[in-house]
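Residue numbers (this note's numbering), protein chains in the order written: chain A, 5 to 368; chain B, 604 to 874.
Honestly, the hints are just simulated from the structure, not real lab data.
In the EDC-like style, the derived pairs of lysine to aspartate or glutamate whose C-alpha atoms are separated by at most 20 angstroms in a straight line are:
1. A:LYS225 x A:ASP97
2. A:LYS162 x A:ASP135
3. B:LYS841 x A:GLU201
4. B:LYS819 x A:GLU235
5. A:LYS334 x B:ASP824
6. A:LYS320 x A:GLU163
7. B:LYS814 x A:ASP323
8. B:LYS819 x A:ASP228
9. B:LYS841 x A:GLU293
10. B:LYS819 x A:GLU216
11. B:LYS819 x A:ASP238
12. B:LYS741 x B:ASP715
13. A:LYS131 x A:GLU235
14. B:LYS873 x B:GLU677
15. B:LYS643 x B:ASP715
16. A:LYS318 x A:GLU163
17. B:LYS814 x A:ASP228
18. A:LYS165 x A:ASP323
19. B:LYS814 x A:ASP321
20. B:LYS759 x B:ASP748
21. A:LYS306 x B:ASP824
22. B:LYS819 x A:ASP338
23. B:LYS819 x A:GLU263
24. B:LYS819 x A:GLU177
25. B:LYS819 x A:ASP232
26. B:LYS814 x A:ASP338
27. A:LYS188 x B:ASP838
28. B:LYS841 x A:ASP206
29. A:LYS243 x A:ASP125
30. A:LYS188 x B:ASP843
31. A:LYS134 x A:ASP33
32. B:LYS819 x A:GLU264
33. A:LYS51 x A:GLU93
34. B:LYS741 x B:GLU677
35. A:LYS165 x A:ASP228
36. B:LYS841 x A:ASP185
37. B:LYS735 x B:GLU765
38. B:LYS814 x A:GLU235
39. B:LYS814 x A:ASP232
40. A:LYS306 x A:ASP238
All of these numbers come straight from a predicted model, not from anything done at the bench.
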Amino acid sequence: MATQITNYQCPACTGPLHFVGASGMLECDYCDMKYTVKEIEELYSVKDDKAEAAFEKASQKAKSAEDDYGWGADAENMRSYNCPSCGAELICDSTTAATSCPYCGNPTIVPGQFGGTRRPDYVIPFKLNKDEAISALRKHYKKKPLIPSAFSKENHIKEIKGIYVPFWLYSCEAGGEVRYDATKVRTWREGDYLCTETSFYDVQRSGNAAFENIPVDGSSKMPDAHMDSIEPYDYSDLKDFSVAYLPGFLADKYDVGAEECASRALLRAERSVAQELRNTVIGYTTVTETSNTVRTDGHEVKYGLLPVWMLYTKWKDKDYLFAMNGQTGKLIGDLPVSVGKFFAWFLGLGSVLSAVAVAVRMLI
Amino acid sequence: MKKKILTTFLILLVLVSFFSLGALAEGEEGGRTEALVVDKAGILTEEQVKVLNARAEGLSAKYSCEVIIYIINEFSEATISQTAEALYAEHNYGLGADRSCVMLLLSMSGRDYSIMAHGYGNTVFTDFGKGKLADSFKPAFKENDYNKGFSAYINKCAEYFEAAQQGRPVDTYTKGNIEKTQLSSKDILITVAICFAIALGIALIMRAQMKTAHIKTVAGDYICGGVLNLTSRYDHFKYDTIQRVYSPQHKDSGGGTTTNSGGFSHSSGKF
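Same shape as in the complex, but just chain A:
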């Protein structure tokens, strides 16, 4: 039976292969052999094509899974695969495109998720490895004095995962006109009188700008605030998509369409033009916008997979997510606040400042 998934294994020893950002090659976990992306692509192209075909066929029968397994409504969001290495059954999200077999540990790719129109245009390979991600996260904790001590100890930091997140990349042009009411204020003294002169202006600015690859994540599982906050990516590292970059990492196919995400990107472009036009209005005391006709004019969209290191943590029944840009290392995340440490800092700082201030006032 044709399998829908492919294990990327070392041609020399059949050990699991994983992509290494530092070398830009796929390396074997067992025998340290290294292969270029192109070599592995050529080696596995036939298997990937077969897996893709099997995936398409299986997709037609997806609904029957509900009858076969009694999953009910959950069946729509689930897929079942068999690991070609050990035969284990893998139950995944319907959007999972890359994972690893929990039984034999082999990196597992679902080529069908990238078949036909679903094939990404680009990928930015991971540049930072897991150790670097863990080290960056530990440094992030150290800089936060209000973090509860128990949180950083119990954080399962080694469970951080590298994920290729699906993004829509929008290119467009935006332009228009913005008008403002502006004033200049001048004061001077004439004897015992304070004089204030206010001059009123009508200001107008027009301009346009071209935008390239504004990213919007196409996964409903990824919080938009986190994905926005780890921007920007360096697009000079953008590569044509190849499945060979995925082994060793997780990857998801998009589940939020391009048109659905477009409005976010286009609004950002319009706001950017308005902000740049505002920055040219200088030399005034006050500036108030009165009208704005900045709009985008058409757009192109590409589909890319961008690297993110992520760690989900549950702490006192609340979820905390850390995301690190797998290319630049920019790290963000929400951290819990220790109430005790917050008040300790407040009272300690307040006491020290008060003592110093009172002493200085007495000496002056």
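For this one, chain A is given, so just place chain B on it according to the hints.
For chain B alone, coordinates are given in the frame of chain A:
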């Protein structure tokens, strides 16, 4: 012969005694004809007058500048300041060649006070310093505790003499002024409240830094070439308005002591 020698000796003895007593009198009281603390209004007890007088004498001798307290029911001249000058002349107050003194004159009927200085007293008690000196006794006088007020006045005079001796007489807040403002409880409370407000602000900023994920609203990082293409700009002046507000400037006194033609400096008010 013996009678002549004895007579001559006795005459010489009388003459020497006469001049010595005169000189002694001059040295002890500087020629003044009244005590340093005089209560014509009867607001102090005899014992209180005696104690205050002794303290004033000690201070006057130490700094060669008479410290005088004079209490009357009504002032005799047109103003209390003129009355103080008249009393100074009448009782021959003042020590040394420039007849240095500082006098606190109280007129009970109108609850007026005057601080007058002469000679070295003008150096010690500047215009600013007289104002601060009044702050030392006015609260007690308001409560009709005159002994406490005069005692505070004498204590303050001692501080001012000491400051002047160190070359830094009490004056407007210039560098080196040793007049230290006594911090009231209200001042301390306000200072502490401001410090804790600052500490709270810092703690809230630290807490805000724990949340770093934010939605982006602009896309400036993705502008091709990084630069906006500005196609037109237009700044049109419409009209202006001018507003004039009366706001008189405060004059800075700059310190020092203002004296009149007689060499006296004054500060007066109500208690």
